[in-house]
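Chemist: As a plain string of letters, each chain reads:
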Amino acid sequence: MLDAALELHPKVAVRPEPFGALVYHYDTRRLVFLKHPDVVRVVESLSDHDNLADVLTACEIDERRWPAFDRAVTSLYESEMIRDRD
Amino acid sequence: MTATEPATDVTPASTGPLVSQLKNGLDAPICLTWELTYACNLACVHCLSSSGRRDPRELTTAEAKAVLDELRDLQVFYINIGGGEPMIRRDFFEIVEYAISNGIGVKFSTNGAFIDENAARRLAAMDYLDIQISLDGTDAHTNDSVRGSGSYATAVRAMENLRDAGFEGFKISVVVTRHNVDQLDEFQALADSFGATLRITRLRPSGRGADSWHELRPTLAQQRTIYEWLLEKGDNVLTGDSFFHLNALGDGSPESHLPGLNLCGAGRVVCLIDPIGEVYACPFVMHDEFRAGSVRDPGGFTSVWRESDLFLSLREPESAGACASCGSYDACQGGCMAAKFFVGLPLDGPDPECVGGEGELALADAGPRPTASADHSKPARVPVTLTRR
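Sequence order for the protein chains is F and D. Residue numbering for the first sequence follows my numbering, starting at 1 and increasing by one per position. Residue numbering for the second sequence follows my numbering, starting at 1 and increasing by one per position.
Be aware that one or more of the hints could be misleading.
25 Å max Cα-Cα, derived DSS-like pairs, lysine-lysine [stated by the list, open to error]:
hint : chain 1 : residue 1 : chain 2 : residue 2
1    : D       : 65        : F       : 11
2    : D       : 233       : D       : 171
3    : D       : 233       : F       : 11
Calculated from the structure, these hints are not laboratory results.
Start from the sequences and build out the full structure, keeping to the hints where you can.
Modeler: What follows is the structure, given as structure tokens:
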């Protein structure tokens, strides 16, 4: 997923919470908990950079944590919260 | 890092640390129930809100829209609308359409009496709308003995109208009682026949349910039936997390755990707004003891949610109390606060339907039941004899 150019689905809303954020997809009516503020920053910056790796770099995520972020973003991608950018 | 589930019933697949975070409360509720009116054409014996007559202090259309403005600003993604029978309100469609146009999805519960062909077509044309048809038996006798004469036929007609109008995926919402536990497979078949989703919830001794609970509640053996049915066949069944007290029947393994947050969300992730704007901790505790404030108060709903003494206290760590020495406490969390309260049990003791049998023992020793704070039931009909002069 690190090479992918991604964006939040337009029907998705992000609501900040003390633990991270709630993410809601109005079409699928699924609710996701983002359990860390860093994940929230990454998700909200997806469309600002060419690919996920650049997003992680820009958000100053330690490279040792990249696999975990890759998994989290993949999970969001599979639940259609995040999609490929044209 | 993420967990997904249909958000209409909030049930993240993985819990753990998240649960402790949620216990501290959120900036806004995830799941908000709004009873739009106490008026109802039915008089179900287990009605949580003792509905029947409209309250003259009911929120006006303008007040309702102001609440929706607040919920939009709080990013409440969707609300559950109920009553009473919400479709009785003349501004029902206006309120629902206003919510949806402000990015607040709506799921509403109805007995179906007002879903004729025209209403069904209008509902089918709306996005971000879910409908729950209440039904408590797969035959007229079982259903109508709880929900009133003719209510089964009314619900079925509404479902047919929705289907014929092309409304896909409505919900059939069942309160599980002693008399319909054996119909769970039939409920599923009925839902399948309409392309609908089955939702089953726990009977609570709230509202008029305080009087009917003892006769209607599932037996201990039936509780196990519900638990095993949900484990075996419940993957696509919604429950609103209402059966988490049954997790004590499991062996502690993840597979023996019913999906869901497994916590009492009252005042933490859920709350209820009643027809006159009073805010309660959850849909099952409409009583002065659990009233946090009113949307008509100066700070509106937002202040009630964030600052009311009641909600702040519900977000404090709770004591396991009499359940502390029980090995199942982690699994069941002591059960449902509302169920304990309305049968006169201490809140830090076992649930009256504790599957370990502690509830039965506690009930034998229970204090007086709390007096209802309000009753909106219609007065009993007095036969009138017309005479000719």
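Chemist: It remains to establish, for every hint, whether it holds in the given structure.
Modeler: Now for the hints, and whether the structure bears them out:
Annotation: proposed proximity of residue 65 of chain D to residue 11 of chain F holds, straight-line Cα distance about 23 Å (limit 25 Å). Only pairs whose Cα atoms come within 25 Å are accepted, and residue 233 of chain D paired with residue 171 of chain D is accepted, the gap being roughly 17 Å. As the CA atoms of residue 233 of chain D and residue 11 of chain F are separated by approximately 31 Å, the hinted pair breaks the 25 Å bound.
The structure does not agree with numbered hint 3 stated previously, though it agrees with all others.
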